[in-house]
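Undergrad: Each chain is listed here by its residues.
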Amino acid sequence: MSEPVLSVRNLRLDIPTGAGTLHAVRGIDFDLERGETLCIVGESGSGKSLTSLAIMDLLSKRIERKADKLVFDGTDLTKAGAKKMRALRGDRMAMIFQEPMTSLNPAYTIGDQLMEALLLHRKVGKAEARRRAVELLEKVGITGAERRLSQYPHQLSGGLRQRVMIAMALMCEPELIIADEPTTALDVTIQAQILRLLVDLTREMNVAMILITHDLGVVARVADKVAVMYAGELVETGTAKKVFDAPMHPYTRGLLRCIPVPGKTERGSELGSIPGIVPSLVGKVSGCVFRTRCEEATEACRGEIPYRESAEGRHNFRCVHETGRRAGVEEPA
Amino acid sequence: MSEGNASPPVLELRNVSKTYQIKQGMFGERKPLKAVNDVSLSLQRGDVLGLVGESGCGKSTLAKILLGLEAPTSGEVLVDGEPIGAQNRRLLARRIQPIFQDPYSSLNPRKSIRDIISLPLRVHGIGDSASQDKAVREILDVVGLPSRVMNSYPSQMSGGQRQRVAIARALIMKPEVVVCDEPTSALDVSVQSQILNLLGELRREFGLTYLFISHNLAVVEHLATRVAVMYLGRIVEEAPVGALFDEPRHPYTEALLASVLTPEPDLGVPDTHLGATYPNPIEPPTGCHFHPRCARVMERCKGVAPQITCDGEHSVECHLYGRESGQAVA
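Protein sequences, first through last, are from chains A and B.
Per full-length UniProt numbering, residue 1 is the first one in the first sequence, and the count goes up by one each step.
Per full-length UniProt numbering, residue 1 is the first one in the second sequence, and the count goes up by one each step.
One chain only, chain B, in its complex shape (with noise of 0.2 Å):
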């Protein structure tokens, strides 16, 4: 996206592909279910990108094959200009970290606080027993925790205590990515609060660049920079989080943002239009995956699927604004 700077993206996909196959049936015949379908996506240092879509749009596939859990099927994940591929797990862990959503079930329940948190820095061989103790002293303080908790176990502290250890325990190894999964989703309103003005300290003061995956829109226009909308393993629509927001493009964005219920008592519960419902992804539609839903579907999008066509920093994958239609429909 952004030529003509001199540094490589912190992290890149290029056409990145997952294909599971998936048996229906005991006797059933496999058949190939594209989870993430040629992704390409670029992050620079300190970018926030908000994934936003469905479920069972492709958005955890997309960060397990970032984290090193899956490996695409086809196409190239690069850290640093340098391909994932070349490097082993351990290499990669240290540069992308995750948070998971909930952190009732991400933290070991058998072990404290202390062997959480440094368990990434015992498996690297960082440091003595010592070392590693003042090191999450340090961290705990960042994340605004008492270094007595140490000794505590998960099971001691609340949603929002142990949501902070989750992201030191993604920090002590100073990853240049963190890969947020819904990280507030199972978290009380004014913790989510709290998690998420946390999130911001500490990208500006480490100069983290995060994948926050969220359903919560409000949310993702609060933290993120930019935002890719993804719909059944594609990424349809992606643009800095101002244009997103204030210009969607794409039918399916005007969607989620027209769903999204702000605390205004006067406006009532929208009609998204989107009628049907998610389609089986073993099974998509022709054409635009989205036709049968679209509310301003037209007879080509039924055929053909569309092109991705980029203005500026604005992507979308659409018939309304392709070259062919010649002129983008306000």
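Next comes chain A alone, as it looks inside the complex (with noise of 0.2 Å):
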């Protein structure tokens, strides 16, 4: 296989505050091929967010980077300066955000937008550019495109403003793309029009996604692979039909059984849960940082957490319990 075209290992994010340090991420590994996507799941606070802006350089100041690796497409992003990131931005990597009409500017038309990237980052001239931006507002299902150039983003609907978004992301045909939280704020029907979109487009392209979310059902129908966020770390990692049919961490089998499942779970019934809050990650964190929820918990836990890899494979997981249960537990029926 080739060189992943994003190569991650043991990143760490800092943020100082008055009471200490914030471990925020702590020791994050993973891989993406060329094409793949990768879904990273997790509930606010995880950390999930601040990964893709890390990756981007796009952190406030005050949060310390730190990685024994962060290669992107053969460059270093540990050494790449501000100019060097800023010409990767739109251009190689680019971003898809949760709310369309906060990141597209008032003031601006969507033409103007959507040819920015493409006039910064190469040198075509403004019909060519506009070419192009006709030619991906087609491609991402929007009527009337020569049109829509000449309005404002208040001119559309919440969907359109996110197929623009999408449109802007593929301008220069980038070789990642990292979308955060995409479909949250839009309709369930919107939501999965979306979805196929980006998923029928960076395959046909060929790019690598990042795909941020806490929507377990949309991580099933869109991922390759799965990382499960929990707290800063990544608490299990594998192929979506390993993750989703034989869950081995008890945060990933506990948030499975939070959801109802239409035709699966009894309608009425009492819904799973995951008693407590995460734990402050302020000053040393040390152990499992999900013990204090879990069920499967011990005095081991708070000792040295192994990764562990299922038995089939390609399936990582951080537990000191060998199959992701405590000893003599058996599998409830």
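It is possible that part of the hints are untrue.
Covered by chain A, per the in silico footprint, the following chain B stretches (three or more residues, Cβ under 8 Å) [to be verified]:
hint: 1; stretch: 31-42
hint: 2; stretch: 137-147
hint: 3; stretch: 184-190
hint: 4; stretch: 195-206
hint: 5; stretch: 244-256
hint: 6; stretch: 262-272
Derived DMTMM-like pairs: lysine to aspartate or glutamate, alpha-carbon spacing no greater than 25 Å straight-line [what the hints assert, rightly or not]:
hint: 7; chain 1: A; residue 1: Lys264; chain 2: B; residue 2: Glu254
hint: 8; chain 1: A; residue 1: Lys264; chain 2: B; residue 2: Asp266
hint: 9; chain 1: B; residue 1: Lys174; chain 2: A; residue 2: Glu270
hint: 10; chain 1: A; residue 1: Lys241; chain 2: B; residue 2: Asp271
hint: 11; chain 1: A; residue 1: Lys264; chain 2: B; residue 2: Glu76
hint: 12; chain 1: A; residue 1: Lys84; chain 2: A; residue 2: Asp29
hint: 13; chain 1: A; residue 1: Lys241; chain 2: B; residue 2: Glu264
hint: 14; chain 1: B; residue 1: Lys31; chain 2: B; residue 2: Asp80
hint: 15; chain 1: A; residue 1: Lys264; chain 2: B; residue 2: Asp102
hint: 16; chain 1: A; residue 1: Lys66; chain 2: A; residue 2: Asp29
hint: 17; chain 1: A; residue 1: Lys66; chain 2: A; residue 2: Glu146
hint: 18; chain 1: A; residue 1: Lys264; chain 2: B; residue 2: Glu201
hint: 19; chain 1: A; residue 1: Lys264; chain 2: B; residue 2: Asp246
hint: 20; chain 1: A; residue 1: Lys241; chain 2: B; residue 2: Asp266
hint: 21; chain 1: A; residue 1: Lys264; chain 2: B; residue 2: Glu176
hint: 22; chain 1: B; residue 1: Lys34; chain 2: B; residue 2: Glu76
hint: 23; chain 1: A; residue 1: Lys264; chain 2: B; residue 2: Asp271
hint: 24; chain 1: A; residue 1: Lys139; chain 2: B; residue 2: Glu182
hint: 25; chain 1: A; residue 1: Lys126; chain 2: A; residue 2: Glu138
hint: 26; chain 1: A; residue 1: Lys66; chain 2: A; residue 2: Asp31
hint: 27; chain 1: A; residue 1: Lys284; chain 2: A; residue 2: Glu304
hint: 28; chain 1: A; residue 1: Lys126; chain 2: A; residue 2: Asp91
hint: 29; chain 1: B; residue 1: Lys134; chain 2: B; residue 2: Glu176
hint: 30; chain 1: A; residue 1: Lys79; chain 2: A; residue 2: Glu64
No lab work stands behind these hints, which were simulated from the structure alone.
For glycine and all other residues, C-beta sits at the position ideal for the given N, C-alpha and C.
Combine the two chains into a complex, taking the hints into account.
TA: Below, the structure is given as structure tokens:
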């Protein structure tokens, strides 16, 4: 296999606070191949958005980024300066945010905003940029593309705006797209359309994608690879099929029990829940971060937590228990 | 719906409409926007009516009418068989209470939890401060919060805890109907399940009736006993939860159900066949409002508005099932 387009080893993010250092992200590893979709799923505060901003070097100056390896398409991002990063962003790597109304500039037309990246990063004229903008608007399923170029963001619906954001991200044919909750603000019907579009286009153009979401349904349907994030760590990674069909980490299993599944969960029955709250990450964090809420927790969870590979391979989880369960506990029927 | 039932429905809407006059542009003429268009519904005690539909379909306007925050342009709302118009707002608030989506903006950040929860008691002049404190402590216990949070402020609490406070505030007046407008969509998955479990328990314990508005169909299927599907101000299909999810009739309901992303990795992203975007409610399409997006559109749908057809407790507004069309298409 060729070099991964993105390779991350031991990524750490520290935020100094009045009460001490907040270790928001602690030692994340993953590789992303060309054309592959990785979904990072986790609850609010798990550090999934910070991770994506760290890759784009869009973190606030306050936050300290450290990594043993952070290589994107042959470029060592830990050594890349502001100028190099500006050249990469919008060109080789692009981002799609949750709320298209706040990430589009209300004072510029759709056309201006679409053409900006291409005019900035490529030696093309306005006519050529305009042609490309129309081409991409059509590609993301916007009718009357020529006319849309002179419209302003407020004249478009939420679904259309998100299509514009996708078109914008694809203008320079990037290697990597990071989409942070791209469909959370949209109706379910529009969500399905936008996700289909993202999946089809990234596949067609062989673009790698990191999709960040809290929605397990989205993850299952979109991901090639899944990374489950909890309190700043990836607690389980693997192919979507393995993570959903045979979840190993107690947190992943807990999350999956929380959501009602049509046709499977009995209507009106009690849903599973994960008691407790995410622990403070200020100061020294040791042992398993999930142990305070874990039903499988034992004394050993305070110590070193190994990364394990499940029996079938390409599926890793971080737990002291070999099977993700306390010894002697039978799997419930 | 359930005729022959001796007690009147807890809540009934009869041909309720709400029309807003919208001005287009600074000098544009005013045009009517029918946010709620001739809606009739009835809820029996203990029912959970799930109300689903895309944004802009009129769900929240309907909720506001029930809460007395908007007056209907025409039609009647009845509580226990009595028209709301005859009651004043204060009496209405004793019987119908809301739980809103965002527990961050629906709680006053400058008030303590005690003040927030006891406000309804103070407004209605019920009890002295000692008995109000006692009531607050009891209701906190009911929603699963320790009584020490009484002196806390919303900023000191998590999203799930805040939503529990909002539920406590809604329940302290012992209402009959609770209008839940997207009560869990701002919450994390693990917290959402706790709030849903709590709402289920409270309903069983206090015989509450819910109007449950949500865009999350899996959640609606889980909690609701009946479901109404709304499109451009109309209820296009209404049925008991099993019938609606197992045998949806309206093509719009089918499309909504098809767009639910269950956590099943083999299925991929579904094609909902809903090509065109949601229409502008100021200029709704002619005939059946849904026809431009409908996968099973017929010639008649473009010109003639369909009538409601009832089959037991399952009603649908679609030409596929109309009497004139003779036979329902399977």
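Undergrad: Is the Cα-Cα distance between Lys264 of chain A and Asp271 of chain B 25 Å or less?
TA: 22 Å, holds
Undergrad: Given the proposed pairing of Lys174 of chain B with Glu270 of chain A, does the C-alpha separation stay at or below 25 Å?
TA: The given pair, whose Cα atoms are some 24 Å apart, holds under the 25 Å limit.
Undergrad: Holds or violated: the stretch 262-272 of chain B covered by chain A, criterion of 3 or more residues with Cβ-Cβ distance under 8 Å?
TA: Held - the stretch 262-272 of chain B has 11 residues with a Cβ nearer than 8 Å to chain A, which meets the minimum of three.
Undergrad: Taking 25 Å as the top limit, are the C-alpha atoms of Lys126 of chain A and Asp91 of chain A close enough?
TA: Judged against 25 Å, a Cα distance of about 17 Å means the pair holds.
Undergrad: Does the structure keep Lys241 of chain A and Glu264 of chain B at a Cα separation of 25 Å or less?
TA: The hint holds at about 8 Å.
Undergrad: Hint check: Lys79 of chain A vs Glu64 of chain A, CA-CA at most 25 Å. Holds or violated?
TA: 14 Å, holds
Undergrad: Does the structure keep Lys284 of chain A and Glu304 of chain A at a Cα separation of 25 Å or less?
TA: Holds. Lys284 of chain A to Glu304 of chain A sits at ~14 Å (cutoff 25 Å).
Undergrad: Holds or violated: Lys66 of chain A with Asp29 of chain A, Cα cutoff 25 Å?
TA: The hint holds at about 12 Å.
Undergrad: Verify the proposed pairing of Lys34 of chain B with Glu76 of chain B, using a straight-line Cα cut of 25 Å.
TA: With Cα atoms ~16 Å apart, Lys34 of chain B and Glu76 of chain B stay inside 25 Å; holds.
Undergrad: Lys134 of chain B and Glu176 of chain B: Cα distance at most 25 Å?
TA: OK: Lys134 of chain B and Glu176 of chain B at ~21 Å, within 25 Å.
Undergrad: Are Lys139 of chain A and Glu182 of chain B close enough, with their CA atoms no more than 25 Å apart?
TA: 34 Å, violated
Undergrad: Is the hinted pair Lys264 of chain A and Glu201 of chain B satisfied, with a Cα-Cα distance of at most 25 Å?
TA: 21 Å, holds
Violated hints for the displayed structure, listed by number in ascending order: 1, 2, 11, 14, 15, 17, 21, 24.
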